[in-house]
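J.: Take a look at the letters that make up each chain.
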Amino acid sequence: MLYRTAGQFKTSYEADQALFPVKQDAFLLGVILLLAVVVFPLTASEFTFQTLLIPILIYSLTALGLNILTGFAGQLSLGTAAFMGVGAYACYKMITLMPWMNPIIAILLSGVFSAGVGVAFGIPSLRIKGFYLAIATLAAQFFLVWLFEKWAWLYNYNASGAIQVPNLEMFGTYVAGPQANSIVQYYVVLFIVGLLTWVCINLTRGNLGRTWKATRDMDIAAELIGINLMKSKLTAFAVSSYVIGVSGALFVFMWRGAAEPNLFDIPLSFRILFIAIIGGLGSILGNYLGAILIVGLPVVLNLVPNALGIPISSATVEHLNIMIVGSLIVFFLIVEPHGLAQLWRLIREKLIIWPFPH
Amino acid sequence: MKHFTKLAVAAAIAGVTAGAAMAQELYAPNLAYRTGPFAATGIPLMNGQADYLTMLNARDGGVGGVPVNGEECETGYSTEKGVECYEKTKSKAIVTQPWSTGITLQVLPKTNVDEIPILAPGYGFSPMMDGKTFQWAFNTPSGYWDAADMIIQYIEGQGDLNGKKIAFLHLDHPFGKEPLPVLEAAAEAKGFTLLPIPVGLKEMQNQSAQWLQVRRERPDYVVMWGWGAMNAGAITEAVKTKFPMENMLGVWWSGHDADLAIVGEAGKGYKSISWSFPNMDAPVMADIKKHVIDAGLSQTNDVEMQGVFYSRGLVISAILVEGITAAQAEFGTAEISAEQLRWGLENINLTEERIAELGLDGMVPPFSTSCSNHTGHSGGWMLEWDGAKFVKVSDLLKPNVEGYAALAAEKAAEYAEANAPWAVNENCGG
Numbered sequence: 004m005l006y007r008t009a010g011q012f013k014t015s016y017e018a019d020q021a022l023f024p025v026k027q028d029a030f031l032l033g034v035i036l037l038l039a040v041v042v043f044p045l046t047a048s049e050f051t052f053q054t055l056l057i058p059i060l061i062y063s064l065t066a067l068g069l070n071i072l073t074g075f076a077g078q079l080s081l082g083t084a085a086f087m088g089v090g091a092y093a094c095y096k097m098i099t100l101m102p103w104m105n106p107i108i109a110i111l112l113s114g115v116f117s118a119g120v121g122v123a124f125g126i127p128s129l130r131i132k133g134f135y136l137a138i139a140t141l142a143a144q145f146f147l148v149w150l151f152e153k154w155a156w157l158y159n160y161n162a163s164g165a166i167q168v169p170n171l172e173m174f175g176t177y178v179a180g181p182q183a184n185s186i187v188q189y190y191v192v193l194f195i196v197g198l199l200t201w202v203c204i205n206l207t208r209g210n211l212g213r214t215w216k217a218t219r220d221m222d223i224a225a226e227l228i229g230i231n232l233m234k235s236k237l238t239a240f241a242v243s244s245y246v247i248g249v250s251g252a253l254f255v256f257m258w259r260g261a262a263e264p265n266l267f268d269i270p271l272s273f274r275i276l277f278i279a280i281i282g283g284l285g286s287i288l289g290n291y292l293g294a295i296l297i298v299g300l301p302v303v304l305n306l307v308p309n310a311l312g313i314p315i316s317s318a319t320v321e322h323l324n325i326m327i328v329g330s331l332i333v334f335f336l337i338v339e340p341h342g343l344a345q346l347w348r349l350i351r352e353k354l355i356i357w358p359f360p361h
Numbered sequence: 002m003k004h005f006t007k008l009a010v011a012a013a014i015a016g017v018t019a020g021a022a023m024a025q026e027l028y029a030p031n032l033a034y035r036t037g038p039f040a041a042t043g044i045p046l047m048n049g050q051a052d053y054l055t056m057l058n059a060r061d062g063g064v065g066g067v068p069v070n071g072e073e074c075e076t077g078y079s080t081e082k083g084v085e086c087y088e089k090t091k092s093k094a095i096v097t098q099p100w101s102t103g104i105t106l107q108v109l110p111k112t113n114v115d116e117i118p119i120l121a122p123g124y125g126f127s128p129m130m131d132g133k134t135f136q137w138a139f140n141t142p143s144g145y146w147d148a149a150d151m152i153i154q155y156i157e158g159q160g161d162l163n164g165k166k167i168a169f170l171h172l173d174h175p176f177g178k179e180p181l182p183v184l185e186a187a188a189e190a191k192g193f194t195l196l197p198i199p200v201g202l203k204e205m206q207n208q209s210a211q212w213l214q215v216r217r218e219r220p221d222y223v224v225m226w227g228w229g230a231m232n233a234g235a236i237t238e239a240v241k242t243k244f245p246m247e248n249m250l251g252v253w254w255s256g257h258d259a260d261l262a263i264v265g266e267a268g269k270g271y272k273s274i275s276w277s278f279p280n281m282d283a284p285v286m287a288d289i290k291k292h293v294i295d296a297g298l299s300q301t302n303d304v305e306m307q308g309v310f311y312s313r314g315l316v317i318s319a320i321l322v323e324g325i326t327a328a329q330a331e332f333g334t335a336e337i338s339a340e341q342l343r344w345g346l347e348n349i350n351l352t353e354e355r356i357a358e359l360g361l362d363g364m365v366p367p368f369s370t371s372c373s374n375h376t377g378h379s380g381g382w383m384l385e386w387d388g389a390k391f392v393k394v395s396d397l398l399k400p401n402v403e404g405y406a407a408l409a410a411e412k413a414a415e416y417a418e419a420n421a422p423w424a425v426n427e428n429c430g431g
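Protein chains in written order, with the numbering used here: chain A, 4 to 361; chain B, 2 to 431.
Pulled out of the complex, with its shape left as it was, chain A reads as follows (with noise of 0.2 angstroms):
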């Protein structure tokens, strides 16, 4: 009843391949994006912003890179984090070199050099592919991890060799940096994270998003019906280190402030490919929903015990978060292997047959 698609008809092709097909989602876009842009600034406080908002979009944006390699072009890769560092610092050069440069615009322009370390990094995978080229792309991550760390040039010879986002201001507002406000650098999250979002969700409906999925679910096949797999592959490997990059970028410039290289190490890489795998592979709402639990879940199950007034250390409270999140995991992953996306698309199924279930 919920989702009553009766009634809905199509009449022409343009109709029925339409990004939604049934009303209801559309709607239910429209609430999540009302809520997004107009509730959550308004109602957040600063703790918010900082600790779910701003990371839980940075994050789905990153998973969204890696999902576009791993769930739409098959290509595994394990140097997630390395990539986004390869934004941030590029986006820090940028606008040291260049202060006048608009934040946007240096942020977006961050992700081409990305592309580019991640292209040359996926050339490999034209010659190897699954844990092989995960492999590969650890080479990466170790590599640019320690490029991060020798070349001082790229944090300019700072004795402490962290890289420290200065104020940059647009319009006459801080977007970045300490004196920044947070409701500004939200918004700057949400309109590149939403403008991505978008054009990712119009390049896996595409063209390419279709040699993407052929790609991944078999080359040889793919190849045979005229797919340049080279094409397919690299152009994976650019937009994905793309997106990545721009979410590096993000993820110091508008959130942390200040970044080491030993922050793009793996277990940053990992805790990327857990949004995605955990959210679902081969999805674009998965990105978020995996987010929020990684990201969101811990920060929420550590407030719970003071709001109920039950007096328990932080340490334990620590601990305690561990094991629930890692249960949450495992129990999510048994009920949904295809992961979150999986089972709201289920859910979704089940309330447009119900109340008359087959």
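By construction, these hints were calculated from the structure, which means they are not laboratory data.
Among these hints, one or two may not hold up.
Think about it this way: if two alpha-carbon atoms lie no more than 30 angstroms apart in a straight line, the pair counts; the simulated DSSO-like pairs of lysine-lysine are [to be verified]:
(1) B:K241 to B:K203
(2) B:K203 to A:K153
(3) B:K399 to B:K191
(4) B:K133 to A:K96
(5) B:K165 to B:K133
(6) A:K96 to B:K203
(7) B:K243 to B:K166
(8) A:K234 to A:K13
(9) B:K269 to B:K133
(10) B:K91 to B:K166
(11) B:K165 to A:K153
(12) B:K269 to B:K191
(13) A:K153 to B:K166
(14) B:K291 to B:K390
(15) B:K203 to A:K132
(16) A:K132 to A:K216
(17) B:K191 to A:K153
(18) B:K399 to B:K269
(19) B:K390 to B:K241
(20) B:K291 to B:K393
(21) A:K234 to A:K216
Chain B: place on chain A using the hints.
T.: Structure of chain B alone, referenced to chain A:
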């Protein structure tokens, strides 16, 4: 549903009562790390900090009649969690204690906007000693550059440094790189060769490559800037390579009893500079025993209490309380604000008499702060591992601050410029 309503009501009541209880206290959160890779060093420090505050609350009813709430927020030494904790606690906090160089770097610019003092005793960014520029940051009683200077002084006391070779074994991380400018300047001035040997975070426990280099280069001394698992790794490797332990010296974070206890007698002679010292006979220890340990309010144990890190935690809380006391006296109010505490931390005068009054005899060197001097430069003692515990082997060493005051001013100005607009303390003269 009924169940649910009950739960919600309970939660609401708990929230209200918690709010009421919070009215009369000084909220001094601590971004603790009792979990994660550095927990072994975090636990004694946090226990020391917590026990001192518990003791004051039990013995005197707090500071100036208001209890101090040193609530911990667990970070696991992760910068991300640290920022989360900072945001969570900052609304009512009068101070923030970030407890890691990474978290300090991250919250340093934020505190300048939020106007909350950072208390980072013995760690963080060395140019924070310039109180005019870093008006909200305090790294009392001594900074890393002080430590580097004192270590060089001590080595110089053993003989002329000209032509000697000193290996600088450090964590390849902002923390480990911190003293490099001062050591490089010293090498140039005194004519010794400085050999920096970085240890990557991944190689902390396995330093065979680094120690192979030490063996090949045959340095006269090894100065260690290590933390957590790196210390134990370095000390066991040094014993294995038969490096003369008396020629190995560490910063204060590299002087953890448990790291040395692993090698025991073989580690005899290892030294670490320190601005705190465990004195089990100090009156404060008796008070802690009476009000905290015997009352069952502590998480510590006998062995840990005798260690350097537990007493350091205690001293850190004592420094914070001194700041609170000074602010209370100046502003005539017990419930001070973050801004008033800043004044208090800028006007600490911990003389020998005051140390004795607090019952901290021999546990911390005397020092004083001012609006331009946020470090205090207390100096420190060289501690030596005698096979079972650390003992003092030097008189109080004082850092030669003039030697790097210009460098600190330059770095501070650089930082302020990179973070422009950066609010500085205009009213602070010299």
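J.: Would you list, in rising numerical order, the hints stated earlier that this structure does not obey?
T.: 5, 8, 9 and 10
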